[in-house]
Each structure stands twice: as structure tokens, then as C-alpha cells.
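Chemist: Now for the letters of each chain:
Protein chains: 4
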Amino acid sequence: MKIRQQIYNLIDENQNNNKADAFVHYFISALIIINVIALFLESYENINTKYKTLFWYIEIFSIIIFSIEYLIRIWTADLEYKDVKPYKARLKYIFSFMGIIDLLSVVPFYLPYFIKIDLRVIRVLRLFRLLRLLKLNRHSNSLKLILQVFKRTKSDILITVFIVSLLLILSATLMYNIENAAQPEAFANIGEALWWAVATLTTVGYGDIYPITGIGKILSGVIALLGIGIVALPTGIISSAYIEEIQYNREKTKKSSEEQCLCPHCGKDIKK
Amino acid sequence: MKIRQQIYNLIDENQNNNKADAFVHYFISALIIINVIALFLESYENINTKYKTLFWYIEIFSIIIFSIEYLIRIWTADLEYKDVKPYKARLKYIFSFMGIIDLLSVVPFYLPYFIKIDLRVIRVLRLFRLLRLLKLNRHSNSLKLILQVFKRTKSDILITVFIVSLLLILSATLMYNIENAAQPEAFANIGEALWWAVATLTTVGYGDIYPITGIGKILSGVIALLGIGIVALPTGIISSAYIEEIQYNREKTKKSSEEQCLCPHCGKDIKK
Amino acid sequence: MKIRQQIYNLIDENQNNNKADAFVHYFISALIIINVIALFLESYENINTKYKTLFWYIEIFSIIIFSIEYLIRIWTADLEYKDVKPYKARLKYIFSFMGIIDLLSVVPFYLPYFIKIDLRVIRVLRLFRLLRLLKLNRHSNSLKLILQVFKRTKSDILITVFIVSLLLILSATLMYNIENAAQPEAFANIGEALWWAVATLTTVGYGDIYPITGIGKILSGVIALLGIGIVALPTGIISSAYIEEIQYNREKTKKSSEEQCLCPHCGKDIKK
Amino acid sequence: MKIRQQIYNLIDENQNNNKADAFVHYFISALIIINVIALFLESYENINTKYKTLFWYIEIFSIIIFSIEYLIRIWTADLEYKDVKPYKARLKYIFSFMGIIDLLSVVPFYLPYFIKIDLRVIRVLRLFRLLRLLKLNRHSNSLKLILQVFKRTKSDILITVFIVSLLLILSATLMYNIENAAQPEAFANIGEALWWAVATLTTVGYGDIYPITGIGKILSGVIALLGIGIVALPTGIISSAYIEEIQYNREKTKKSSEEQCLCPHCGKDIKK
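Protein chains in written order, with the UniProt record's numbering: chain H, 1 to 272; chain W, 1 to 272; chain V, 1 to 272; chain A, 1 to 272.
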């Protein structure tokens, strides 16, 4: 087996056949989690001043590893996507969702060496490293099922989002007109009223903004009660899609184990 | 094709066959959204003073378009409702839900020219324009499914509303009698207690009003825990209705597809 | 038809055959709602002082009507419960759930004339009148379905209540030990900690009591996240029971319309 | 029957055949509940000083009973686990979940007599006694069903926990970077931002920490709205698992009842 194939096998998450494969997998995963913890701890001022050098070494080490991983993935992209030409496979990986995440998690480090850039922007760009967390559970069947459920219910959920948006806009605009006179500070504009509407409809209720007039309280109560229905709607949609998906998967398993289904006219399998 | 038919096709949302139809559809939709954004931005005092003339032009332009659209819809109503006589079709549109929304979104502009009316009332009337948002997604299948689910569960949901109302009245009246002595300001009357009850049962919990006596806290805890059941009830109702509706639709599709069964490879009917 | 039978028909909610029956039904319903509104408005001090005499007349009038209704129900109880002896039928009504509610809604008025009693106690006893609201929707099919669902899931819901209680006690006791040193006022005893636990697990979160120590915040976060599962559990139980109940009802209708099922040994119908 | 077998029957919760068995069962249950109430009341300073001796007697009495119960359970472990050798059965009980709970609820009392230990640690260790509450409902069928549902959906729920964690980390890190400049106290580090994220995503919303900048409020609104989906996901999973489990159980019952079918009137098998 060629060395390139062997290296590809090491970083390919789909197959962890031998100890080396598993080691690379767990090593990358551990490094992602260490990066998240470091990002977390760096935000504590006293920890940051005390362990600044440690965080710097973790940064350098992670960047080296992630950069190497990124280059290897480009180099071995033709083994990942075997059905297209090598150079197309590389472009396919680079512009794939995971490829972009891989790039975004290393590029903010190199940027200041090439272009002049605000340090605050760098700090925000470094947050893209968090997206690497998405890679941790990529091959879970449960995650695939959940994604399948969301894909199946996409249009229903979009409509729910539309209904929620409508409700938010209507109640915010109404509340602004009701409460503005009594609380010109809190309900200064529809933007603030929208902040109240979200906090009420989702039942978060921080308590920083709420109606004080009688009619405002009645409207707020109605919105809060509608909030219950708003929770019920996506729950019903997702519940039913879940049941659907599980029953569909079971029936598919059943059917494929029963028999093939051939067309009497052309002799081909209809299911394929 | 007569000119009147062509104009009707332009504004008819059910059929967007050619580019002109689609343009009119997207133009009206965009105008609705621009109106909502304008209404939103006008509430910011500094933006309103700066761009007063722009908002005025948007207002005039929208009113002209919406007025023309309204008149066209009346004029072509007999093409929408073909089974009734022309004058009846016009009345049918005028008193339909969408017809009333269309009227309400233009009429507040013309009112001050005919009758003396308070400017504050005009401002509230202008909010009817928000209802035009309801027109944006009128032909979505998901929205139809959700409306079907709500229609199917109407009596169950009404009973839930009744149970919730009962619970609110009972707990508010009890809490008023419990907390009034300890907090004569906060729980001044049953109205205020009802405001507390809604905030607790829906789990919003702004924190502007809550019990401080021992027995009040126990009652509040029980109400909050019942709030969980109150979320569970409509969710269960809607979930089951959703599953029902989907299964019903599938069986209907199944039956109609049983009559003819085409092979995806050769396109012939297998049953023949 | 005897006069007693006619009077029974008037107050029997199961059959509203003629206009007189319907009138009595709506009259009693309206009176219940008027009583609730009066109770509500009386709690507003200024309204109470202004309309004291009106409230007094409503009170007198309601008590007379409800008392007459109660006596008629006792008198005609043997027509309601036909399968037992007349005096037993009367006792059956008096000690039935609805009979007790009917008594409790009139008896607080007469009490002060017979025994010395604190006026505050009378005020609380008058709240029993609210229970009459339960009579408004007694014959709704949806309410029967919901009650059926709760009956079916009783043991599952009791276990949920047990799990919730366990979680509340565990987290309250833990939080008391964690936060007592930092906030000796707020977390003065486990009772206060329990108040916090309920507000957190039900996601009400008034904001009058919350942890300030690091470990307390972590525990609070875990409890709040478990709160999501706590909502999911009864929702799942009720959803599945709802689906069960609807499918059961449909199958029952189907079966009874198909055929009887006789035992070949004794010839009786098995289903009965 | 040997005395050891008789004693085992007394403490075995699976069989409460005679009055003595039931008495022991209810006595132990009552003692567990009394211990919880005592722990609860002890936290009230005035009650604790007044009834210190009573609490001490309850403590001594409970420790004696629980210790005896623990020793009996070790002694009769070979009757509980009949398929392994006696000494192995004892080890099996000692290291079983319930065995560890039984030990943990008595051992904190004896510890100070053997080793030097902080009194605060003892107080925390005493909380393990609360775990005895878990023994109260051990044999409920509903609890078994719920545990079965959680076991079945374990991997789905773990993925939900993963998604929630991801969302919490992402939103906390983002919010820290957004709000830190405006509120350096409240959003001092990502830990505090995480506290905000949990309170928002679970819709608890204590109101001790919330965004004040425009962009922070928008992010907060998005997180709160996603919180609705986060409730919908586990609810959908648990609902579908519940329906699955109930249908599975019914089919199992159906199959076993298909083998013989008794007439409820004459008691004979219909199939014969």
C-alpha cells in the first residue's frame, strides 16, 4: 500500500481499523477539546496573565497540527472523492463545509503576518475554531437521524419560524404603541419592544422590560399563553417526523430483507 | 385573451406562469416587507427626524400601489369567483378575509381627508398594514397542513384554553387572598394576581411580582409545576393530530397510486 | 308528564330539548360567570366602595337561585339516579362531587347566621363558588377525552411527579449546603432552597433567588437543563396516550360496526 | 422454613405476602421519609435549636435500623442472588447500586469515630441518605417503562446533550466577545457568559445577567428561539420512544394471548 493511502487512512474518520488510526482520531479530538478549554480559560483575566506562555504554546502546537491536517486532507482529497478527477477532488474538499471549517480554524493565526488587521477582529476570527467541535460527532447514527428529521420537516419548521416572526412583529408593534407613553425609556422604539416580545414568547422573561399598563399586561398575557402553543407546534412536528422516520427505517429494513422487486417489462429492480 | 384576464393573471398568486406574473408577485411582497421595515424604523426618534421625507415617499408610493391593487382585485373579482354573478363576486371579495385586510391597509391614509380623526387613532389603524404579512405565505403546503391540524384539534384546544382559564382564575383569586395582606401594593387586586398567575403558569416569570409568604410560595410552586402539564397537553394534542393528518394524507396518496403503478426504468405500468 | 319530571328536565344539562331547558341552562351559566366577574371586581377597592350595593344584590340574587337549584336537585335526585331507591339517590347526589360543589357555593352565605365565624374565613369559603366554573363544560367530548387520557396515564404521571419531587428535594438540599455560606439570607433554609429549585426546574425564574457561587451556578445550570427533560417526559406520556386513545376509539367504532363476537362454548358475546 | 429465609422474606421488597412483610416495607419507607423531613427541618435554625435532642434520637434510631437492614441484606444476599456462590452473592450486593446507597446512608455516622474528619464534610456526606428515596418506588411498572424509554433513546439523548453543549459554548463565547466591553462586570469571562447561555437556552431567565447592546440582544433572541427547538427535540425523541415501547409491549401481549383465548363468561378456551 502506498504511503499516501496509509496517511489518508490515518486521518479518515470513517474507518478506525488499527491502533494508529484510532490514536490519530482521539488525538485530534482531544486537541479540539483542549483548544475550547484554553479559549474558555483565557477569558479569565487572572488565569490569562499567569499562564500566558502555556496558552501560547498550546496555540502554536494546535496551529501546526491543524495546518498539517489541512494540508494532508487537500493532498489526499482524491482518495476521499474517488469519482472525480484529482484536482477537482481537491477543490471539492476545499469548498466543502468541513473544508471551510478546517481552513477557518487555522487562517486567523497567519493573517497578521500578511495583512494589517485589527487585533479585535482576530479574536473574533479565532472563534471559528469552535466550529471544529462539529467534527467530533460526525459519524453518529443518532445525529444522522436528527439531521434527517430536520431535513424532512424543513418546510414545516420554516413556516413555524414565519408564524413566530409574524407574532413577534405584530405584538412588538402593538406593545410599542401601548406602552411607549407610559414607559418612554423601556419601550423607546419597536426594536426594544421586539426584545420584550422575544423574551415573552419564548418565556425567558429576564424581567428587564415588561408592561406596566393594564392593556399592556393583557396583551403580554395573551402573547405568553400563545408561547405555549408556539412550543407545542415544533414539538408536534418533530415528534411526528421522528415516529415517521423510525417507522420508515424499520419498513425499509423489512422490505429489503424480504425480496427484490423486479419490473416484468424490463427486468430491472424497481427499488434501485 | 382580453386585457382584463391578463391583468387578473398578473395579480393572481395561484399561477405565476410567466416573468411578468412573478415580477408582480415579488414586487408586492417586497413592498409589504419594506412597509414593515419602515414602520419599524419610524419608531426610532432620530431615524424618523432624519429620514422623514423618505418615509413619506414610501408611504405615498405604497398607498398608490396597494390602492390600485385593491381596485384591480374588485374589478377582476368575477374571474376569481367564477361560479357566482359578477356583482356578487365583487361583494364576496370585498367581505372576504383578504379583501378586508387589503382595504384596512389603505383606508387609514384617506380617512383624515374625509372625517376629523385623532392622529393617535390613525397611527394604530396603520398597524393593520402588518396584517398584509399574512399574504406572504398564503400558498404554502406546510401552512395549509398546520391550519388543517389546528382546525382538526379546535375543540380540544378550546377545552385546553378553558382549563388554563379556570386554573388562572382559581390561582389568581387564591393568591390575592393569600398575599394581599403581606404585599398590599403588588397584589392590590385580582387583576394584578391574574398578571402574576399568567407569568407563572406560562413560566415567563418576569420577577416584577411574586409571592413572599410561605403558603404563597407553595401555591406558586404548585402552579408552576402544573404549568409543565399545561405545556404537555396542547403538545400532545397537536403531535397526535399531526401524526393523524400525515398518515391520512399518505393513505390517500397510496390509494390513488395503487390504481396505476409505473416502473421508474421503462415508464410502463407494471399492473398491465 | 308530572311537574317534578318537567322541573327535572329543566335543570338536567344532558338534555336541552326545548327553549325552556336551554334558557335555564344558559341562565345558570351566565349567573356563574357574573359571580366570577363580581368576585374579580370586588377586589378593586374603588370599584367595591362605589358599587357595594350592586354587588350585594348580585350576591343575594345568586344565593337564592343557587339555593333553589340545590334544593331542586335534591328533590329530583331519584330521576337522575334511577337505579337506586329515592332516599339513596338523594344521598348519592348530596355526596357526589357536583353536589358538594353546589352546597359549598351557597353554604358560606348562611353560616354567619348560625355560628360565630371569622369574616376572613367567610371570604375564603366564598371562593368555593369559583368551583362552579367546573360545571360549565361538563358535557364536552374533548374534556372527556382529556380526562380519559389523564386517567389512562395516571400511574405514569404519578411517577413523573415522584421523579420531579426527588429532583427538587435533592437539588434543594444540595443548593442549601452550597449557597448557605455565601447567601445566608436568600438560602436561609431548605424551604427557601426548595422555592429556588421549583422556580428553576419549571424554568419560571422570577429572579428573586439564584446562586452566586461558581459551584452553585453549575448545579443550577444542570437543574435547568434537566428541566427540559422534565417537560419532555409528561409531554411524551400525554402525546402517546392521546394517539393511543384516538386509535382505540377508532378501532372500537370499526369493530362494533363489523360484527359481534360470540363464544362457541356458551354462546354469549365476549365483548360485553 | 429456616429463620434466615424468613428474615430475607421480611426485607425482600418483591414479595409482600403477609402482614409482617408489609409492615417491614412500610416501616422502612416511613423511616426514609421521616429522615428527609428531619434533614429539611434541621436547616431551619430556630427549629434546630428547639428540637435538637429529638433530631438526635431520630438520627440514632435511623442509623440503628438502617445498619441492621444493611447487615441483614449482606447476610441474606445469597438468597437474593441464587445463581452465584454465597460469598460472591455478598460481594455482588455490596457493590450493587442499591448496596452502595445503603452503605452511604449509614457510613457518615460512624466515620468520625474512626478517622479525623471535617464536620462540614460529614454534613455533605449525610445527604447521601436522600438517595434512599430512590428505593421507594423501585418496583413500579411505570418507572420501569420510563427507564426503558430512556435506555432505548440513550444515544439520541446523548446527541441532544452534545448539540445543547455545542450551542451553549458557541453562544457563550460569542456573547462574551460582544458584551464584555459594555458590561465588563456581568460578562467578566466565558464562565459568566455560559451562566447567561444556560439561563437563556433553558428559558429560566433569572434576570441577573442579560445583554444590553443591540447585537447582544439579537443573539440572545436567536438563542431563546432556538431554546424552543431544544425543548422540541427531546420531547419528540421521548414521545416516539414512548409510543414505540407501548406498541411493542402490546404486540408482545397480543402474541402470548393469541396462543390461548379464554371466554370471560365461561372461562374456557375459545380456540379449542
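Keep in mind that the hints were calculated from the coordinates and are not lab data. Please note: incorrect hints may appear among the correct ones.
Same chains, same names: a pair is fine if it fits in one copy or spans any two.
Stated by the list, open to error - Heads up, simulated SDA-like pairs for lysine to any residue below, C-alpha to C-alpha not over 20 Å straight-line:
1. Lys154 / Leu143
2. Lys217 / Val124
3. Lys217 / Ile169
4. Lys154 / Ile246
5. Lys144 / Arg250
6. Lys92 / Tyr81
7. Lys52 / Val24
8. Lys217 / Asn189
9. Lys50 / Asp208
10. Lys252 / Trp75
11. Lys252 / Tyr8
12. Lys217 / Ala186
13. Lys217 / Asn18
14. Lys144 / Glu69
15. Lys116 / Asn9
16. Lys92 / Ile72
17. Lys135 / Phe162
18. Lys154 / His25
Chemist: Of the numbered hints stated previously, which ones are contradicted by the structure, given in increasing order?
Modeler: Hints 7, 9, 10, 11, 13, 14, 15 and 18 are the ones this structure does not satisfy, whereas the remaining hints hold.
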